[in-house]
Amino acid sequence: MAKTDLYEAPDYYQIDEFLSEEHKLIRQTVRDWVKKEVSPIIEDYAQKAEFPKQLLKGLAEIGAFGPTIPMEYGGMGLDYMAYGIIMQEIERGDSGIRSTASVQGSLVMYPINAYGSEEQKQKYLPKLASGELMGCFGLTEPDHGSNPSGMVTNIKDKGDHYLLNGAKMWISNSPFADIAIVWAKDEEGKIRGLIVERGMEGFSTPETHNKWSLRASATGELVFDNVKVPKENLLPNVTGLKGPLGCLNQARYGIAWGALGAAMDCYDTALRYSKERVQFGRPIAGFQLQQKKLAEMITEITKGQLLVWRLALLKNENRATPAQISMAKRNSVEIAINIAREARQMLGGMGITGEYPIMRHMMNLESVITYEGTHDIHLLITGMDVTGENAFS
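Going by the numbering used here, the first residue of the sequence shown is number 3, and it counts up by one from there.
Don't read these hints as lab results, they were simulated from the structure.
Worth double-checking, as some hints may not be accurate.
27 Å max Cα-Cα, derived DSS-like pairs, lysine-lysine [what the hints assert, rightly or not]:
hint : residue 1 : residue 2
1    : 295       : 5
2    : 5         : 38
3    : 187       : 244
4    : 26        : 305
5    : 277       : 37
6    : 125       : 160
7    : 129       : 38
8    : 187       : 123
9    : 125       : 187
10   : 158       : 244
11   : 187       : 160
12   : 192       : 123
13   : 233       : 244
14   : 244       : 129
15   : 37        : 5
16   : 192       : 125
17   : 213       : 50
18   : 233       : 158
19   : 277       : 295
20   : 55        : 158
21   : 50        : 26
22   : 59        : 37
23   : 230       : 244
24   : 129       : 230
25   : 123       : 38
26   : 187       : 213
Just the calculated beta-carbon pair ranges, DEER-fashion [as the list claims (entries may be wrong)]:
hint : residue 1 : residue 2 : range
27   : 212       : 5         : 19 to 29 Å
28   : 247       : 285       : 46 to 56 Å
29   : 16        : 357       : 31 to 41 Å
Using N, Cα and C, we set each Cβ at its ideal position, and we do this for glycine too.
Take the sequences, apply the hints, and build the full model.
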């Protein structure tokens with residue numbers, strides 16, 4: 003029998019007062035959907051290491067696919083505060099489900115909208131927004147993760163088409179994606195983006211198994227063996243690393259909000275448990291060490307909430323820098339994983355079971371802390387920004 007989702011979001015500094023009624027309505031809509039559709043099934047799917055594909059329709063209906071994309075292309079035309087709130091509520095349910103939405107909106111729809119032709123926008127964006135088409139993003143390679151400029155995936159101009167060869171790995175959504183945004187080097191060594199469609203000869207998407215993290219998310223590879231890609235599938239309006247890095251900024255922004263959702267769920271679970279669990283004749287919430295844990299959790303969550311709220315305002319004004327986004331992504335994931343570990347301890351042995359979401363969040367966050375830029379890479383991005391010195395080379 004499905005457990006009732008009793009989640010109540012913490013708001014220690016009354017940040018809700020800064021949100022519009024529209025933002026609150028969007029949040030409530032997504033929160034209600036997560037409680038009804040995600041929470042009752044997610045533990046079982048994580049245990050089975052299976053992605054619940056039936057959630058795709060609902061994700062589209064709540065506007066999780068490309069919420070900032072203009073309405074003329076099927077999006078909702080929302081601001082970045084709304085986008086962040088949506089990602090936070092979905093990741094409160096599960097990081098893998100949020101990953102699916104992030105990839106679709108930030109890494110597939112965003113580059114088509116920002117770098118694509120009008121024909122490409124009309125062809126793909128409405129179907130991606132509705133979930134009729136699902137996409138994935140191919141940047142990371144077996145030998146090139148934090149150094150994407152070293153990629154070996156390449157295209158050769160064959161007159162009426164490009165010939166694509168190479169491989170990408172750790173690709174969310176790849177096993178079921180209909181299209182892939184793929185970054186490859188042309189014959190001059192310049193990085194270009196292409197839209198590769200399932201069914202193109204030589205294109206395959208083997209699934210990655212035996213994961214201990216993001217178990218309810220579909221992960222795989224992209225393999226290109228002399229794939230003929232039509233010229234009209236090249237993204238015409240960007241060249242170089244700024245293309246994929248622009249997409250990553252969008253995704254990292256969503257993670258900054260999303261990881262806080264996971265942290266808030268772990269805190270809320272630990273707080274409720276501490277009031278119910280009786281030891282030595284009273285609830286463990288009355289013991290100093292447990293209060294210390296809870297007080298530190300809510301302090302870090304509150305600081306994180308203020309950070310992403312301010313970042314959203316900067317993003318709405320197109321003033322958020324990549325380094326500011328990196329700082330927020332790194333901070334949110336760090337506090338989330340620390341809170342998950344502390345919450346797990348508060349629940350004792352129950353904390354490792356599927357009766358509670360904490361262990362699942364903790365395992366998921368081990369991936370979130372690495373993807374879209376590792377924890378250390380984001381630290382160096384901040385370091386370079388404040389010192390002016392590049393530690394990468």
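Now for the hints, and whether the structure bears them out:
no.: 1; hint: 295 x 5; result: holds (26 Å)
no.: 2; hint: 5 x 38; result: holds (11 Å)
no.: 3; hint: 187 x 244; result: holds (13 Å)
no.: 4; hint: 26 x 305; result: holds (20 Å)
no.: 5; hint: 277 x 37; result: holds (22 Å)
no.: 6; hint: 125 x 160; result: holds (24 Å)
no.: 7; hint: 129 x 38; result: holds (25 Å)
no.: 8; hint: 187 x 123; result: holds (23 Å)
no.: 9; hint: 125 x 187; result: holds (25 Å)
no.: 10; hint: 158 x 244; result: holds (21 Å)
no.: 11; hint: 187 x 160; result: holds (15 Å)
no.: 12; hint: 192 x 123; result: holds (23 Å)
no.: 13; hint: 233 x 244; result: holds (21 Å)
no.: 14; hint: 244 x 129; result: holds (26 Å)
no.: 15; hint: 37 x 5; result: holds (10 Å)
no.: 16; hint: 192 x 125; result: holds (26 Å)
no.: 17; hint: 213 x 50; result: holds (11 Å)
no.: 18; hint: 233 x 158; result: holds (11 Å)
no.: 19; hint: 277 x 295; result: holds (14 Å)
no.: 20; hint: 55 x 158; result: violated (36 Å)
no.: 21; hint: 50 x 26; result: violated (34 Å)
no.: 22; hint: 59 x 37; result: holds (16 Å)
no.: 23; hint: 230 x 244; result: holds (25 Å)
no.: 24; hint: 129 x 230; result: holds (23 Å)
no.: 25; hint: 123 x 38; result: violated (33 Å)
no.: 26; hint: 187 x 213; result: violated (30 Å)
no.: 27; hint: 212 x 5: 19 to 29 Å; result: holds (28 Å)
no.: 28; hint: 247 x 285: 46 to 56 Å; result: holds (49 Å)
no.: 29; hint: 16 x 357: 31 to 41 Å; result: holds (32 Å)
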